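Novice: So the protein sequences, as listed, match chains A and B. Start counting the first sequence at 1; every next residue gets the next number (the numbering used here). Start counting the second sequence at 1; every next residue gets the next number (the numbering used here).
Calculated directly from the structure, the hints in this document are not laboratory data. Given the structure is predicted, the values throughout are model-derived calculations rather than measurements. All residues carry an ideal CB built from backbone N, CA and C; glycine is no exception. Mixed in with the good hints there might be a few duds.
As the list claims (entries may be wrong) - Between beta-carbon pairs, the in silico distance windows are:
1) B:V475 <-> A:L367: 33 to 39 Å
2) B:G190 <-> A:A192: 28 to 34 Å
3) B:L13 <-> A:Y36: 33 to 39 Å
4) B:P52 <-> A:G453: 52 to 58 Å
5) A:P223 <-> B:G360: 51 to 57 Å
6) B:Y6 <-> A:P446: 40 to 46 Å
7) B:W457 <-> A:R356: 39 to 45 Å
8) B:N161 <-> A:L450: 37 to 43 Å
9) A:L287 <-> B:R159: 50 to 56 Å
10) A:V155 <-> B:G360: 57 to 63 Å
11) B:Q65 <-> A:V226: 40 to 46 Å
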Amino acid sequence: MNLLLLKHELSLLGLGLVVLLADLWVPAERRRMLGYLAAAGVGVILFCTFLPGAEDTQYAFGGMFVQDGLAIFFKRLFLAATAVVLLLAVEFADRVAGGLVEYFALILFAATGMLLAASANDFVLLFVSLELITITFYVLVSFQRARMAALEAGVKYLIIGALASAFMVFGLAFVYGTAGAFNFGEIAAKLAMPEAGLAGNKLFLFGLLFVLAGLGFKLAAVPFQVWAPDVYQGAPTPTVAFLAIGSKAAGVVLLVRVLFSAVPEVAAQWALLFAVLAGLTILYGNLCALPQTNLKRLLGYSSIAHAGYLLLGVAAMSAAGQAAILYYLAGYLFTVLAAFTVITVVLRETGAEDIRALGGLHERSPLLAAAMTLAMVSLAGLPPLAGFIGKFLLLKAVLAAGAVSPLYYALFAVAVVGVVISLAYYFGVVRAIYWGRAAEEQTAPPLSLLMRGAVLACMAGILAAGIYPKPLIKAAEAAIAAMQ
Amino acid sequence: MSTLTYILGWPLLAAVVLAFVPRDYRFVPRLVALGATAISALLAIKMFLLFPGAEANADGYRFVQQIPWVESLGISYFVGVDGINVGLVLMGAIVAFAAACCSWEIKTREKEFYILLLVMSGGILAAFASLDLFFFYFFHELALVPTFIMIGVWGRGERKNFATFQITLYLSVGALIALAGLILLYVQSGANTFSIPALTQHIRDNPLPLASQKLIFPLLLFGFGILVSLWPFHSWAPLGYGSAPSATAMLHAGVLKKFGLYGLIRVALPLMPEAAQSWMQVLAWLCLGNILWCGFTAMRQRDLNLLIGNSSVAHMGFIFLGIASLNLIGVTGAVLVMIAHGFLAALTFGLSGHLYNQTGTLEIKELGGLLRKLPFIGAALIMAAMAGCGLPGFANFVGEVSVFFGAWRQPSLRVVMVLAVWGALVIGAVYMLRAVRAVLHGPLGNRKDATDATDGWRKLPFVMLLAALLVFGFVPRLLTDKITPDVEKIVTMANTPLSGDSAERRQSEQPQTAALSRDAATEGTR
Numbered sequence: 001m002n003l004l005l006l007k008h009e010l011s012l013l014g015l016g017l018v019v020l021l022a023d024l025w026v027p028a029e030r031r032r033m034l035g036y037l038a039a040a041g042v043g044v045i046l047f048c049t050f051l052p053g054a055e056d057t058q059y060a061f062g063g064m065f066v067q068d069g070l071a072i073f074f075k076r077l078f079l080a081a082t083a084v085v086l087l088l089a090v091e092f093a094d095r096v097a098g099g100l101v102e103y104f105a106l107i108l109f110a111a112t113g114m115l116l117a118a119s120a121n122d123f124v125l126l127f128v129s130l131e132l133i134t135i136t137f138y139v140l141v142s143f144q145r146a147r148m149a150a151l152e153a154g155v156k157y158l159i160i161g162a163l164a165s166a167f168m169v170f171g172l173a174f175v176y177g178t179a180g181a182f183n184f185g186e187i188a189a190k191l192a193m194p195e196a197g198l199a200g201n202k203l204f205l206f207g208l209l210f211v212l213a214g215l216g217f218k219l220a221a222v223p224f225q226v227w228a229p230d231v232y233q234g235a236p237t238p239t240v241a242f243l244a245i246g247s248k249a250a251g252v253v254l255l256v257r258v259l260f261s262a263v264p265e266v267a268a269q270w271a272l273l274f275a276v277l278a279g280l281t282i283l284y285g286n287l288c289a290l291p292q293t294n295l296k297r298l299l300g301y302s303s304i305a306h307a308g309y310l311l312l313g314v315a316a317m318s319a320a321g322q323a324a325i326l327y328y329l330a331g332y333l334f335t336v337l338a339a340f341t342v343i344t345v346v347l348r349e350t351g352a353e354d355i356r357a358l359g360g361l362h363e364r365s366p367l368l369a370a371a372m373t374l375a376m377v378s379l380a381g382l383p384p385l386a387g388f389i390g391k392f393l394l395l396k397a398v399l400a401a402g403a404v405s406p407l408y409y410a411l412f413a414v415a416v417v418g419v420v421i422s423l424a425y426y427f428g429v430v431r432a433i434y435w436g437r438a439a440e441e442q443t444a445p446p447l448s449l450l451m452r453g454a455v456l457a458c459m460a461g462i463l464a465a466g467i468y469p470k471p472l473i474k475a476a477e478a479a480i481a482a483m484q
Numbered sequence: 001m002s003t004l005t006y007i008l009g010w011p012l013l014a015a016v017v018l019a020f021v022p023r024d025y026r027f028v029p030r031l032v033a034l035g036a037t038a039i040s041a042l043l044a045i046k047m048f049l050l051f052p053g054a055e056a057n058a059d060g061y062r063f064v065q066q067i068p069w070v071e072s073l074g075i076s077y078f079v080g081v082d083g084i085n086v087g088l089v090l091m092g093a094i095v096a097f098a099a100a101c102c103s104w105e106i107k108t109r110e111k112e113f114y115i116l117l118l119v120m121s122g123g124i125l126a127a128f129a130s131l132d133l134f135f136f137y138f139f140h141e142l143a144l145v146p147t148f149i150m151i152g153v154w155g156r157g158e159r160k161n162f163a164t165f166q167i168t169l170y171l172s173v174g175a176l177i178a179l180a181g182l183i184l185l186y187v188q189s190g191a192n193t194f195s196i197p198a199l200t201q202h203i204r205d206n207p208l209p210l211a212s213q214k215l216i217f218p219l220l221l222f223g224f225g226i227l228v229s230l231w232p233f234h235s236w237a238p239l240g241y242g243s244a245p246s247a248t249a250m251l252h253a254g255v256l257k258k259f260g261l262y263g264l265i266r267v268a269l270p271l272m273p274e275a276a277q278s279w280m281q282v283l284a285w286l287c288l289g290n291i292l293w294c295g296f297t298a299m300r301q302r303d304l305n306l307l308i309g310n311s312s313v314a315h316m317g318f319i320f321l322g323i324a325s326l327n328l329i330g331v332t333g334a335v336l337v338m339i340a341h342g343f344l345a346a347l348t349f350g351l352s353g354h355l356y357n358q359t360g361t362l363e364i365k366e367l368g369g370l371l372r373k374l375p376f377i378g379a380a381l382i383m384a385a386m387a388g389c390g391l392p393g394f395a396n397f398v399g400e401v402s403v404f405f406g407a408w409r410q411p412s413l414r415v416v417m418v419l420a421v422w423g424a425l426v427i428g429a430v431y432m433l434r435a436v437r438a439v440l441h442g443p444l445g446n447r448k449d450a451t452d453a454t455d456g457w458r459k460l461p462f463v464m465l466l467a468a469l470l471v472f473g474f475v476p477r478l479l480t481d482k483i484t485p486d487v488e489k490i491v492t493m494a495n496t497p498l499s500g501d502s503a504e505r506r507q508s509e510q511p512q513t514a515a516l517s518r519d520a521a522t523e524g525t526r
C-alpha cells in the first residue's frame, strides 16, 4: 500500500470536504469566495503534478492503482478543466437557488472520480471511479431544481446512466467469472497465454462488450448518445462544460487503458466494431447538429460528433492513433471551456439559449466574440488552431491503418463528410456573432478579471496548441509509450 | 531569415496587428493592408530579380529556410523557391497588392475585411513558398477559409448565399481529398518526413509500389482538380467569382486556385510517374471539357462577371493540357499560363468590380458605350480581353503557344490539341469580343453617371497588372530561363519509370525528347 501515491486524489477530496464544512461558518454573501478558494486549491494541485518524479510508473493497492505518464497526462487535463469549471460556477452562482457550496464540493468530488479513473488499473477501481463521477453528475445536472428543463435533463441522465452502470456491472461479472481476475495486468497476462483460451471465450468477450457499453455512455458515442442533447440543453452551463470535457475524457482514458493495456488481443479483433461506431457517431452528431437553434443543444450534438472523432484514434489501433486522441482531447479542453465560458457570461441575462442571442456580440464584447469564434473555428478543425492539428493527426492515423484494411479508407471518407457538414453549423454560430441582429440590450456583459483571465488562457491554449503543437504532441506520445 | 519568410510574414503579421486596432479608425486597416502587401510585393520583385544570382542548395532551391516544427512527425517550416514557384510567388505578391488597392468598394466592416484579406494573401504566398507538404496544405487551408467568409459577407447578387454554400462545399471536399492523398503519400512512402525535397529523394530511392500510386494519384488529381475547377467539378467557380467581392475573386481566381496545379506539378507528377502516365490521357480529355464546354457556356452568359468566371475556368483547361503533355515545353507552358492567367484574372475581376461599383450592375444588356465615359477602364478592359484571346505580346500567348507545342509533341494528344486550339482561338475570341462590343461600344446605356478611375491610386493596380502581362509577354525569357531547368527535372522524373514494370520504352526516348522540347521552348517563346 502506497497511500502517498494518491496524494492528488486525496488532496482534492480533502479540498472538497473543507469547502463543504466551511459552508457552516462562512456567511451567505461571501460563499462565492469558497469557489475561488476551491479553484485556487485545484490550481495548486495542478502545479504539484508538474513536480519532478510525478511521471514515474508506480503502483499502489496491489496494482489496482497506477501512476504513469498516461495517468498524469489526464490528471493535468482534469485539474485544469476543474479549475476553470469552478470559476464558471462562481460566475453562475446567482442562478443557483441554494446550496451553492454543495455545487462547488460536488464538482470537486466528481474531479476526484476522474483522477481515480485516470489511474484505474483494475476493473473494480474502474467501476468505482465511474460511479463516483456519474452519481455526482446526477446531482450536478439537476442542480437548478426550479427549472423543468434541468429536472428533465437530470431524470434522463439518471435513467440512462443507471442503465449504463447496470450494463457495466453485468459485464464485469462475466469478465471476472471467465478471467478470474480484475487487474488489467493479470487479465492481459492470461490473454497472452494461449492455453488459457481466454481470447476465444465467448462469455469473456460478451462481458467485455458490456463494459465497453458502459464506457460508450460516458463518451456519448453511438448507440449510447441519446442523453447528450437533452442533458446539454437542460443542465447548468458549468455542469455541461464539465460533462463535455471531464466526463468524456474519463471515458476516453478508461477506454484506452482497458483496450490497449488489459485486452490488446481483443481490441485488435474488434477494429471493425470501433470503425463502424466511429463512423456512425460522426455522422449522427454532425447531421443532428445541423438544424439546431439552441446553442447548448448544438454543442451537445457536436460533442457526440467529437466522440466519433476520438473513436477514430481507437479504431486506428496504433500508438499514433492513441497519441492523437490525447492531443485531440487536450485541444478540445481549451476549445470547449472557451465556448462554455462565453455561453455562461453572455446568456446570463437572456434566459434563452438561442444562437441568435449571440447577435451583435462582437460589438458588445470583442474579447468574448473572438473567444467564441476561435472555439467554433477550432471545433470545425481549421488551421491554425488546435482542432486542425488534432483532426490531422487522427486522420493520419486512420489512413496509416489503411494499409491493413481498405475499410479505413471508407472511415476516412465518412470523417471527411462529417467535417464538411460541421462547417455549416459552426459557421452559423460565427455568423450570428458578427452579422446577426444585435439583441436588445447593448451593454457589454460584465466580465470579472478572473473570467477574463480564463478566457484569455483558453484562447492562448487553442492558438498555442495549433501553432506550436510540438510539446503537446511529445507529451501525448510519451504518455502512450508509458502505458505500453 | 529568408526573404520568403518576410514576403509571407508581413501580411500575416499585419493581420494580427489589425486585430488590435479599434474599429473606429476606418482608414487604418486600409493603410495597414496596403502597406503590408506593398512591402511583400516589393520584396517579391527583389527576390525575383536576385534569383539567378542567389545561392542554390543541393536540391536546387534558393532563399531556403528550414525550422523544425514537430520532429517526431517530420514536419518543419520549410520555405524556398526554385524556377517553378518563384514566378508564382512574385505573381501572388503583386496580385495581393492589387487586390488591396481594389478594395475601396468595401464600405462596411472594413476591419474584418482587411484582416481576412491579409490572412488570405499571407496564406497564399506561404502555400506557394512551402517546401513542406504539411505546411503546403496548412497555408492553403488558411487562405481558403477567408474566401468563404468574404463571399458570404461582402459578396453581391441575389445568389450570394447559394454561391457561398456551393463554393464552401466543393472546395472543402476537394481540399480534404487532396489531404487524403498527401497523408497517404507520407504514410506509404515510409520516409517519415513531410519535406518535399527529402520525400522526393526518398521516393527516387525507394519507389512507391504501383498499387499505392494507383490509389494516391487519383486522390491528388481529383482533389487538386476540384480546387482548380477541373471539368466536371467546375460549377462552383463562375457563380462563386460572380458573387465574390472583387479583391477575393482576384486573389482566388488569380492565385489561390493555382495551388492545385502547382501541387500536381510539384508532388503528383515526379513522385508517381507510372500513375501519372496512365492518367494523363484522361486528364487531357477532361481539360477539353474546360476549354470547350466552359467556353461555350461563357458565350451564353448575360452577366459580365459570370462570363469572366467561365472564361477563367476555360483557361484552366490550357494549364491541364500542358501538364497532360508531360514534356518540357508543355509543362513549362503550363507554368507560364499559371502566372499569366494570375495577372489576367486579377485584372479582369478588378475591372469588372470597378464597373459594378460605377454602374450597379454587370448585366451586359444594361451596359453599353462605356468606353466614352470610362476611357481608362475601357481601354484596360479591351487589353485584358485581347490577352484573354491569346494575342501575341501578352504573357498568355507565350504560355498557351508553348502548351500547344507541348501537346502536339505528344502523339496521343494531337486530337485534343487541335480541338483545344479551336476552342482557344475561336470560342475565346467570340465571347471576349462580343463582351467588349456590348459593354464598351454602341449607344450609352442608362448608366450615365459612371465615372472613370481618375486618380492615380485607383489606376495603379490595373497599370501594374497590365505592365506585368506585357513585360512577361515581350520578355518571356525572364520566366522561361528560370522555369525550364526545374521543369526539366520534374519532367525527367515523371517520364522515368520507378518500379520498373511499365513505360520502359520511355527511358531510351526521354533524353532526346527533353532536348528537343527545350529547343522548341525557346523557339516558342520568341
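Novice: None of the hints should be skipped; say for each whether it holds.
Specialist: Tested hints:
no.	hint	result
1	B:V475 <-> A:L367: 33 to 39 Å	violated (52 Å)
2	B:G190 <-> A:A192: 28 to 34 Å	holds (29 Å)
3	B:L13 <-> A:Y36: 33 to 39 Å	holds (38 Å)
4	B:P52 <-> A:G453: 52 to 58 Å	holds (54 Å)
5	A:P223 <-> B:G360: 51 to 57 Å	holds (56 Å)
6	B:Y6 <-> A:P446: 40 to 46 Å	holds (43 Å)
7	B:W457 <-> A:R356: 39 to 45 Å	holds (41 Å)
8	B:N161 <-> A:L450: 37 to 43 Å	holds (41 Å)
9	A:L287 <-> B:R159: 50 to 56 Å	violated (26 Å)
10	A:V155 <-> B:G360: 57 to 63 Å	holds (59 Å)
11	B:Q65 <-> A:V226: 40 to 46 Å	violated (52 Å)
Violated hints for the displayed structure, listed by number in ascending order: 1, 9 and 11.
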